[in-house]
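Protein chains in written order, with this note's numbering: chain L, 1 to 438; chain X, 1001 to 1293; chain Z, 2001 to 2308.
Because the hints were derived from the structure by calculation, they are not lab data. These numbers come from a predicted model, not from an experiment. Do not rely on the hints blindly, as some may be mistaken.
Below, in silico cross-link-like pairs of lysine-lysine (DSS-like), each with a Cα-Cα straight-line distance of 27 Å or less [claimed, not checked]:
hint : chain 1 : residue 1 : chain 2 : residue 2
1    : Z       : Lys-2045  : X       : Lys-1045
2    : Z       : Lys-2269  : X       : Lys-1199
3    : L       : Lys-345   : L       : Lys-271
4    : L       : Lys-173   : X       : Lys-1288
5    : L       : Lys-27    : L       : Lys-202
6    : L       : Lys-182   : X       : Lys-1285
7    : X       : Lys-1136  : Z       : Lys-2045
8    : X       : Lys-1102  : X       : Lys-1155
9    : X       : Lys-1199  : X       : Lys-1230
10   : Z       : Lys-2281  : X       : Lys-1237
11   : X       : Lys-1230  : L       : Lys-173
12   : L       : Lys-182   : L       : Lys-27
13   : L       : Lys-202   : X       : Lys-1056
14   : X       : Lys-1110  : Z       : Lys-2047
15   : X       : Lys-1136  : X       : Lys-1237
16   : X       : Lys-1075  : X       : Lys-1045
17   : L       : Lys-202   : X       : Lys-1102
18   : X       : Lys-1056  : Z       : Lys-2100
19   : X       : Lys-1102  : Z       : Lys-2047
20   : X       : Lys-1136  : Z       : Lys-2047
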Amino acid sequence: MENSKSIAGEEQIIQDLLPRKFKNSGKILVYILSAFCLVGIYAYYRQLRYGLIVTHMRDYVSWGIYISNFVFFVAISLVGSLITAVFRLAGVKWGSPLTRIAEMIAVAAIIFASIIIIVDMGSPERFYNLFLYGRIQSPIIWDVIVITTYFFISILLLYYPLLPDLQILLRFKEKSGPRLHKFYSYLGSFWKGSHKQYLLSKKAINALCIAIIPVAFTIHTVTSWLFATTYRPGWDSTNFGAYFIAGAFLVGAGAVVVAMYIFRKWYGLEKYITLDHFDKMGRVLVLLCLLYLYFNVNEFLTPFFKMKESEAGYLNDMFSGSFAPVFWFAIFTGIILPIIILLFKKGRKPLPMFIVGIMVVVGAWFKRYLIVTPTLLHPFMPMHDVPASYHHYFPSWEEWAITMGSLAGAILIIVALCRVFPIIPIQETINEHHETAK
Amino acid sequence: MKLLNKILFGSLSLLFLLPGYNAFAQTADKGSVSVAVSYFNANNKIPYVVVKVKTKVNGKFQNVGGIPLKLSLNKDSEGTLIGKVVTNEQGEATAIIPQSLKKEWSSTVKHTFIAAFAGNAKYDSTSTSLTVSKAKILIDTTSSRSVVATVMELKDTTWTPVKGVDVVLAIRRLGSDLNINETATFATDSTGKASGDFKRDSIPGDLKGNITLVAKVLDNDTYGNLFIEKKVHWGSKFVSKANDFNARTLFATRAKAPVWLMVIATGIIIGVWTVLILLVQNILKIKKLGNEA
Amino acid sequence: MELKDSSRRDFLIAGLAVAAIATGCTPGSPFEAAVGDDVKPSGKKVKLLSVDGEEIEVDEAFLKPVPHMPTITNAEARVGIPGKKFVMVIDLSRCKNLKKCQSACNHAHDLNPGENWIKVDPMQSAEHTAPYWEPTTCMHCDEPPCVKVCPVDATFKRQDGIVLIDSDRCIGCRFCMAACPYSTRVFNWGAPEIPADVASQPYSAETSIPQKKGTVGKCDFCADMTRMGMLPHCVSACPNGTFFYGDLNEDSVTNGAETFRFSDLMRDKGGYRLMEDLGTKPSVYYLPPVSRNFPFESGLENDKLQNK
Ligand code: SF4
Ligand code: SF4
């Protein structure tokens, strides 16, 4: 039986965690993000009108930052499965306040991954051909299938744990306003919290957690195969699937850390996202950094040791040539420095963690850039009989605008989701509260 | 000046004699074209003429399309008109001797083909002619696998062998003919015969091993172009090699995806999506429970 | 797959020869062999004169110039010509980077200016080996990696070995460009600058005309020319006879002026293919640059024009 104290605690928790209207700073953020999106949309309009000529991609660098960005989004989306599924299955209790954030990031990222892949197409108006004429032999079709599946699972994984929270949200009609209330009741008015319902939902969540792991691995492996199924130096690697997954776990975890910090500050959730959470996430992050470092060594050391003729140009360009600044920046900022910082207990405090998270995410973005571009600039055949502009690549403003727009769009989705839904699962927190109270 | 052009460009040969003329031509009001006429006869059946029109731009020859030409036989008159043709993009046009010229054709053993261009806004008028003697080519093979070609000319009313004509003996192939051995041409002897040994053993033929031999006289000053064909059984049988086109491969069309790939892919898709559909059903179940309560 | 019986050819041959010549291939080497299989008799006869002055009747269809051949449907273009296996041989000892092949190709396919399907690369394998010019086209690989990865069957392999592109279907994902190790594919990044009447034609995979915005393009082995029994444009354009083209099933290749037995060329001159180790099985063979006709330097001048 619950005592009165715990009921008071319960109300407190609910009050703390209910989604709130944006304050001014929130509104400004939304405006800024929307502005980025609008510029991106305008740039895309130009691209539709004039063709991919508005980008600086050309015959050699035929994939540019769009594809890097796509890989980046796919990578980030992996976090949903990491925090939710892996932690849940591994019985990691402290992770539960982070599950909602992770799922929101995953959904936003996967949506924009699919948008970006359409943006990259030269003839997007023929998108339907993928369904009319899809060839199962093509890794792109595998990707289309897996992304759709993953999107669907992510939505389910966001939705199921939301059901008990929706019931709570429905209790606060005045607070949410009539429209949101209607929306909530549409989504979850049928949830009565009965034991039977609870059992069904629990079973479903377990099934989802199991299902999402192989699918998450597949989505990232298949994305890496877009590169690894070609002959190009730098892509022709059997290590690629694992290398991508390790990188994806890392950037996903980094993104969660950043989100944790921001939401904690904004909503004053210090009670729910505690120093302990940061410390634990810090340890996870170090582990993932080390794992990724290991795969990087695998990916670069052995080719470097051999210096095959076909790969030498590409490797030299990365290590000491024109891509060296970006390469070493990505390695140091994205992997090495985070390891060093996070090894110290002080480094696992919220603010340093936040900075490390940003470093990891930014480093990861540039890492994706390096996966795509340098390889394309070092084909087997000499780059010859083409205009001079084909010999190098720097994205055009349209490419930047669309990329920034898509990043802003993904953040906007996250922001919108956290306006509507509680960022920390209320019911779960209450349950845990009861357990600790006992 | 125009008159001068006409005279100078009346024939292709003159043009070759004046390689330095192009600078001069550019200053003229109109360009000049050169017309070349060649005579062809396939398998001693239908004779026809091909005209080719070129012009010189910056010292280089270029084909001129869209040039209307009047072709006539022996003399330039209405009654002897072979036909009016217009050159295509390659600067060429073909005309077949019509049946109406039967009388004119049979009247002599030598024929003159006249190609006349009346001139247009861009080019000056010109005309050229080609005279050929009626000739025939025959092809035969021996049991020891050599090819014999005979060239004969019509003298008065009898076909008489001619000596010293260069004949190409070859096998028909895609895009060109492959000589039957390393020799490029064979000259006819006093009996009008030229023979060569077939040295292309086991060259692929059709399904039955048939190949087509051809004997050709090319660009002969007196006889024009003549050729004749014969099918022989000297090739090796065409064996259709294992072709991947209909096989199930990774590079085949969607309908021909490898079975293992389809099985794995559909298996996984069905497996995962069944789970997902069950999970959606589960939501409906929960809903029903909630609505009952 | 079988070769068509060619017995019909005997009595039609005269007409066929006319049809072939009329299309403008080198007089004296008419390609009626290839034409014969595709022209269907119309039933309408015309009377013509024989060399003996006799009248003979010939079906009208065989007198028509070949360009009036029935247009090839997309489905036919995807299957290719049965019984053929087209190959190209490029003799590196004859190339001096004149790039006539390139300009002929660009013109024939109405390519966007600046876009080249044929590239002539200066090659030098190692510091102390001699440089040479290497023209490259699409290799029409027998196990084409580009076709493997295409998600929508827009690029496909035909039974005669030619790899073509259906620009009406291509979604412009450029995966094939990444997959092709020979970097032969080009992309129409913007709307190609081509005459309006060309651009408004319906697309044909065999001519690759017109090129379209947002789709990929590459050498098509002039599948349309081959169907008519004519040589690809690059082959006839090269004044040095660098390119040879033919049917492997006939064991013969030609550059228009010279014709060789393919197997003899390979044996006597040491033919090879590019990047054999990748297992792509190209249909383009190279003859090494031995006893060259031109010094490497003779091509440098021409190269500067394009590769500033
Ligand atoms: S050369 Fe390239 S484009 Fe051509 S068939 Fe081979 S892989 Fe495809
Ligand atoms: S760019 Fe076109 S041809 Fe190439 S893989 Fe994509 S859809 Fe296929």
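Verification of the supplied hints:
At most 27 Å may separate the alpha-carbon atoms for a hinted pair to count; Lys-2045/Z and Lys-1045/X meet this at roughly 16 Å. For the proposed pair Lys-2269/Z and Lys-1199/X, the alpha carbon gap of about 20 Å is at most 27 Å, so the pair holds. Taken as a hint, the Lys-345/L and Lys-271/L pair is honoured in the structure, with Cα atoms around 20 Å apart against an allowance of 27 Å. Pair hint Lys-173/L plus Lys-1288/X holds up; C-alpha atoms about 24 Å apart against a cutoff of 27 Å.
For the suggested pair Lys-27/L and Lys-202/L, the alpha carbons sit about 37 Å apart, so the restraint of at most 27 Å is broken. Distance hint between Lys-182/L and Lys-1285/X is fulfilled; the C-alpha atoms sit about 22 Å from each other, no more than 27 Å. The straight-line distance between the Cα atoms of Lys-1136/X and Lys-2045/Z is roughly 25 Å, inside the 27 Å bound, and the hint therefore holds. For the given pair, Lys-1102/X sits about 18 Å from Lys-1155/X by alpha-carbon distance, which is consistent with the 27 Å threshold.
A C-alpha spacing of about 17 Å is found between Lys-1199/X and Lys-1230/X, which places the hinted pair at or below 27 Å, so the restraint holds. Of the pairs offered as hints, the one joining Lys-2281/Z and Lys-1237/X holds, with about 25 Å between alpha carbons and a cut-off of 27 Å not exceeded. Restraint check for Lys-1230/X and Lys-173/L: not satisfied, since their Cα atoms lie roughly 97 Å apart, outside the 27 Å limit. For the suggested pair Lys-182/L and Lys-27/L, the alpha carbons sit about 23 Å apart, so the restraint of at most 27 Å is met.
Restraint check: the Cα-Cα separation between Lys-202/L and Lys-1056/X comes to about 87 Å, which exceeds 27 Å; the hinted pair is violated. Distance restraint check for Lys-1110/X and Lys-2047/Z: the Cα-Cα separation of roughly 23 Å lies within the 27 Å cut-off, and the hinted pair is therefore satisfied. Between Lys-1136/X and Lys-1237/X the CA atoms are separated by roughly 32 Å; this puts the pair beyond 27 Å, and the hint is violated. Of the supplied pair hints, the one linking Lys-1075/X and Lys-1045/X holds, its CA atoms being roughly 23 Å apart against a limit of 27 Å.
Annotation: proposed proximity of Lys-202/L to Lys-1102/X is violated, straight-line Cα distance about 99 Å (limit 27 Å). In summary, the hint linking Lys-1056/X to Lys-2100/Z is supported, as the alpha carbons are separated by about 18 Å, within the 27 Å threshold. In summary, the hint linking Lys-1102/X to Lys-2047/Z is supported, as the alpha carbons are separated by about 11 Å, within the 27 Å threshold. Pair hint Lys-1136/X plus Lys-2047/Z holds up; C-alpha atoms about 21 Å apart against a cutoff of 27 Å.
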